[in-house]
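S.K.: Read off the chains here:
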Amino acid sequence: MKPAIRAAYWVLPSLLCLGIYWLGLKTWFWQDDFAWLSLHLRLKQTGQWWAVLFAPMAQGTIRPLSERAFFLVFYELFGLNAAPYRMMVFATQCANLVLLSAVTRRFTGSSVAGLLAPIFWLVNIALARPMSWNSAYNQILCAFFMLLALYCALRHQQTGHKWFAAAEWISFLAGLSALETMVVYPVLALLHAFCLARQRVAKTLWMFPVAITYAAVHWYVTPEGPSGQYRMHFDAGLLSSLWTYWQWALGVMRMAEITTGWPRWLAPVGTAILSASLLGFAAWKLLHKNWLAGFFLGWFLVVLAPVLPLREHLSEYYLTIPVVGLSMLGAWAVAESLRGRWRWKVVSIAVAAAYVVPSLSATRAATRWYYENALGVRTLVRGVARAHQLHPDKLILLTGVNDDLFWTGIADRPFRLVGAKDVYLAPGSEGNITERPGLGIVSDFVLPPGPALRALEEDRAVVYAVGGLRLVNVTAAYRILARQRWSPSEEPRHVDVGNPLFAKQLGLTWHQIEGAYRWMPRRASLHLGGPSSPNELLYISGYCPAEQVRDGPLKLTVTVEGHVYPPVLLKRGNAPFEVSFPLPPNLVGKPRIEIGLEVDRTFMPSSDSRNLGLVFGTFSIR
Amino acid sequence: MKKQIRNLFILDVLVAGLVLFVACKHRSAKPEVEATDEHGQTLMSAVHVADPRAAVQLTKGFYDVEQNAWRWTMKQFSVVLRAPEGASKNGATLQMKFSVPNPVIDKLKAITLSVSVNGQALPAETYTRPGEYILKRDVPREVFHGEAVNVDFALDKAMPPSGADLRELGIVVNTVGLEPK
Numbered sequence: 000m001k002p003a004i005r006a007a008y009w010v011l012p013s014l015l016c017l018g019i020y021w022l023g024l025k026t027w028f029w030q031d032d033f034a035w036l037s038l039h040l041r042l043k044q045t046g047q048w049w050a051v052l053f054a055p056m057a058q059g060t061i062r063p064l065s066e067r068a069f070f071l072v073f074y075e076l077f078g079l080n081a082a083p084y085r086m087m088v089f090a091t092q093c094a095n096l097v098l099l100s101a102v103t104r105r106f107t108g109s110s111v112a113g114l115l116a117p118i119f120w121l122v123n124i125a126l127a128r129p130m131s132w133n134s135a136y137n138q139i140l141c142a143f144f145m146l147l148a149l150y151c152a153l154r155h156q157q158t159g160h161k162w163f164a165a166a167e168w169i170s171f172l173a174g175l176s177a178l179e180t181m182v183v184y185p186v187l188a189l190l191h192a193f194c195l196a197r198q199r200v201a202k203t204l205w206m207f208p209v210a211i212t213y214a215a216v217h218w219y220v221t222p223e224g225p226s227g228q229y230r231m232h233f234d235a236g237l238l239s240s241l242w243t244y245w246q247w248a249l250g251v252m253r254m255a256e257i258t259t260g261w262p263r264w265l266a267p268v269g270t271a272i273l274s275a276s277l278l279g280f281a282a283w284k285l286l287h288k289n290w291l292a293g294f295f296l297g298w299f300l301v302v303l304a305p306v307l308p309l310r311e312h313l314s315e316y317y318l319t320i321p322v323v324g325l326s327m328l329g330a331w332a333v334a335e336s337l338r339g340r341w342r343w344k345v346v347s348i349a350v351a352a353a354y355v356v357p358s359l360s361a362t363r364a365a366t367r368w369y370y371e372n373a374l375g376v377r378t379l380v381r382g383v384a385r386a387h388q389l390h391p392d393k394l395i396l397l398t399g400v401n402d403d404l405f406w407t408g409i410a411d412r413p414f415r416l417v418g419a420k421d422v423y424l425a426p427g428s429e430g431n432i433t434e435r436p437g438l439g440i441v442s443d444f445v446l447p448p449g450p451a452l453r454a455l456e457e458d459r460a461v462v463y464a465v466g467g468l469r470l471v472n473v474t475a476a477y478r479i480l481a482r483q484r485w486s487p488s489e490e491p492r493h494v495d496v497g498n499p500l501f502a503k504q505l506g507l508t509w510h511q512i513e514g515a516y517r518w519m520p521r522r523a524s525l526h527l528g529g530p531s532s533p534n535e536l537l538y539i540s541g542y543c544p545a546e547q548v549r550d551g552p553l554k555l556t557v558t559v560e561g562h563v564y565p566p567v568l569l570k571r572g573n574a575p576f577e578v579s580f581p582l583p584p585n586l587v588g589k590p591r592i593e594i595g596l597e598v599d600r601t602f603m604p605s606s607d608s609r610n611l612g613l614v615f616g617t618f619s620i621r
Numbered sequence: 000m001k002k003q004i005r006n007l008f009i010l011d012v013l014v015a016g017l018v019l020f021v022a023c024k025h026r027s028a029k030p031e032v033e034a035t036d037e038h039g040q041t042l043m044s045a046v047h048v049a050d051p052r053a054a055v056q057l058t059k060g061f062y063d064v065e066q067n068a069w070r071w072t073m074k075q076f077s078v079v080l081r082a083p084e085g086a087s088k089n090g091a092t093l094q095m096k097f098s099v100p101n102p103v104i105d106k107l108k109a110i111t112l113s114v115s116v117n118g119q120a121l122p123a124e125t126y127t128r129p130g131e132y133i134l135k136r137d138v139p140r141e142v143f144h145g146e147a148v149n150v151d152f153a154l155d156k157a158m159p160p161s162g163a164d165l166r167e168l169g170i171v172v173n174t175v176g177l178e179p180k
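If you're matching them up, the sequences are chains P and V in order. Each residue of the first sequence is one higher than the last, beginning at 0 in numbering that gives the first Met the number 0. Each residue of the second sequence is one higher than the last, beginning at 0 in numbering that gives the first Met the number 0.
Hints may be right or wrong, so weigh each one.
Stated by the list, open to error - Reference listing, derived: stretches of chain V covered by chain P, where coverage requires no fewer than 3 residues with Cβ under 8 Å from a Cβ of chain P:
1) 38-46
2) 81-89
Unchecked claim - Some chain V residues flagged as far from chain P (calculated, every beta-carbon gap over 12 Å):
3) D63
4) L121
5) T127
6) P129
7) E146
8) N149
9) N173
10) T174
Said to hold, decoys possible - Partner residues aside, some chain V positions facing chain P, computed with beta carbon under 10 Å:
11) P30
12) A34
13) P51
14) V64
15) N117
By construction, these hints were calculated from the structure, which means they are not laboratory data. Just so you know, these numbers come straight off a predicted model, no measurement behind them. We put the beta carbon where it would ideally sit given N, CA and C, even for glycine.
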C-alpha cells in the first residue's frame, strides 16, 4: 500500500463516523446527562469524592470512569458546553474503529475485512444512541477497553512480549470501571483461546477470579438488587429477547419500526436473508473447522448475555458492543466472497447492501430524532436560565411541556445546573405526560392549582410557554386563565413540606424549613385534597436519621381523617424512606383531608435545642 | 501496521488534547442563556392553535402542532378564551374552524361534536362526511361572568390508537374563538 492509501484506509471509518453521526456531534445534553452533570453539586454538599465516584447509583451501577469521572472532570472544565463532551465520545469511537480494523485484519488476514468491519459496525442502529448521548459513553469506552484488551491479547499471542499481556490486564481492569459488561471479557478471552490459541487457555483463566470478585462485590453493594424494569428474568423469555436483539442487529426490522413507507414484507424477508447469509457463512466455516466464525458469533452471544435477562428493558444500544462480533463476521464473509467467483461477489455485495442501506436509514433517523429532542431541551434549559436572570426572586411555571420534552429534559432536574431551583410545570400539565414508573413521578414536578394561583396573585410567579423557538412569557394570560379555572382555596393533593408555597397546608408543630426539607417533632399534621378515585394511595417520602434507629426500629404512626394505620417500622438510619397507604373509599372527592404523623421517640442533638423526630419531603395522593 | 496504529492513537490523543485546550478557553462561570420572549400577549378571545403564544389557552386534549397550521385533538378537548367586549350584555358567537379527516369517517362513519361554555351546553352537531367545517354557536350572555370562559368540546367517538399512530385521534382544529355580537 502507498502511504496515502494506507492513511486513507485507517482514516476512512473515522471520516464515515463523522459523516453519519454529524448531528450526534452537535447534540446537546438530555435525560440522564443532567443527573451526572449534577454530581459536582453532590460533591460540594458532601465533600466525599470517593462516595461520588464509587457509590452505587442509577440501578446500582458503579461506572467511575465512563460516568462519574467523565462528567465531573468535563463539567469542571466546560460546564454546560456540550461540544467537548461529544468530541471526547467521538475521539474514543475513532480509536475504537482503528482497533476494530486492526483486530479484524489480524484475525482474518484480510485488508478488506479490516476496512469493512468498522463500517458495518458504524452503520448499525445500536450506535445511534451512544453517538448522540453522553450518558451512553460507557458503551463506547467499554468497547474501547474490550477491543484494546483483545488487540493486546492477539499481539501477545503473536510476539510473546510480556508488555502486551500486562496491557491486556490493564485494559480489562480499566474496562470494569467503564461498564459492567466488561466482566464477560475473560469468557471472550477464553473463547478466543479455545478457538484460535489453545496455548493461552491457562493464562485467561486468571482473569476469572477477578471477574467473579467484581461481580460479587457489585451485587453485594447494590442496595436493593435490580427492580422494576431492571428486574432479571431467567426463563424461556431469554430466547425471545435474543431473537429481538438479533433482528435489531440486522437492521431491517428496526428500520421498518422507526421509518415509514416500506412494504410490510420487507422486514421479515430482509431479516431472513441476512440471517441465512451470516449463519450460513459461519456454519460453512465451522464445517471446515475454521473456529474463527465460532469466536465471532460467540462474541455476540457472550457480550449480549448480561442484558438478556432484562426482558422489560430491551434497548437497542445494549447491542453496541455485541454487534462488533457480527460486524467482524459479516466483513470476513464479504471479504472471502470477493475472492471467489463473480456470482458470489454480486451476492455478497447485495447482502451487504441489504444490511447497510436499511441500517443507515434507521440510524440516521434515530440520530436526527435525538438531536432535535436535545435541541428542544437546550432551548428550554437556556430559556429558563434567562427567565431566572430576569426574575430571580420568582418561581417559574412552564406550560406546553409535552411527553418527550418532560422525560428527556425535565425529569432529571436540569434547572438546578443553571441556578433556577423553583421551576415547576403548570397545574394540569400532568395530563399531557404519560407516567413511566421507575423514571420519576410526574406530580412531583407540577405545582398544584391552589399554590400556583396564590403565587400568581401575589406576583411571586412567572409563567412561560414552551414549544416554540424560544420561551414566551405568558404570565398575564395565564393569570386570567388561572382565576377562571382554579380557586385559591383548592387543596393540593401533593405537598412538599420543604417548599414555603405549601406552608398553608401544614399544622403548627412543624419546625422551620432547612434547605429543601423540614423536621417534625414527635407529632405533626398537614392537610391535602382528597383522592379522586378509590385506587389512589397516600405516598410519604422522608429521611430517617441514624440517631433515631440507634436503639432499634423507629415507629411512625400515620392517621388519615382519624383512621389509624398500623405503625411503619423504620430500620435503616441515614437513609431515605418512602411509604404508601391505601385510603378509605369514603374519602374520595373530599375537598380536604387531615393527615396526622407521630413517632415513638425524638432526639435532641447537642448543637440544637429542638426535639427532632423525622425529616420529611413530600406527601402526595396519586 | 503497529506504527500506523500508534500514530493514529497519537493523533487521536492530540485531537482530544486540542479540543480540551480550546474548550477550556471558553469555560464561563455563568450559564449560557437563550433569549426569551417577554412580550407574550394577554389572554385572547380567538386563538390559532398553531400559534405558540396561544398554547397556554389550549388547556386539554390537543396534540402538538403539525405543519405549522393545525393540531389533532383527543376525544375531549378544551380551551380558555377571553370574553369579548360586551359579551356579558349581548352574548357572543363561538366559532371553530376544523376539519374531519377521511380516515375518521372511514373508520367511525359519523361523529357528534358537543360543546359547552362555562358548563352551559350548546347544541351538538353530527358530521357524516369528511371535509372542512366551521362550527358556529350563539353563546348566551348569562355564561359570561368573568374575564374568561372555559370552552369544553367532546366527541362521541374517536379513532383509537393503532399501529400507525399510537394516539387517540378526534378532529383537526385550526382556530377557535369568540366573536362579539
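S.K.: Taking the hints in turn, state whether each one holds.
M.R.: Here's how the hints hold up against the structure:
{"no.": "1", "hint": "38-46", "in the structure": "holds (count 6)"}
{"no.": "2", "hint": "81-89", "in the structure": "violated (count 1)"}
{"no.": "3", "hint": "D63", "in the structure": "violated (6 Å)"}
{"no.": "4", "hint": "L121", "in the structure": "holds (18 Å)"}
{"no.": "5", "hint": "T127", "in the structure": "holds (30 Å)"}
{"no.": "6", "hint": "P129", "in the structure": "holds (22 Å)"}
{"no.": "7", "hint": "E146", "in the structure": "violated (5 Å)"}
{"no.": "8", "hint": "N149", "in the structure": "violated (6 Å)"}
{"no.": "9", "hint": "N173", "in the structure": "holds (17 Å)"}
{"no.": "10", "hint": "T174", "in the structure": "holds (17 Å)"}
{"no.": "11", "hint": "P30", "in the structure": "holds (4 Å)"}
{"no.": "12", "hint": "A34", "in the structure": "holds (6 Å)"}
{"no.": "13", "hint": "P51", "in the structure": "holds (3 Å)"}
{"no.": "14", "hint": "V64", "in the structure": "holds (8 Å)"}
{"no.": "15", "hint": "N117", "in the structure": "holds (9 Å)"}
This entry does not satisfy hints 2, 3, 7 and 8, going by the numbered hints stated previously.
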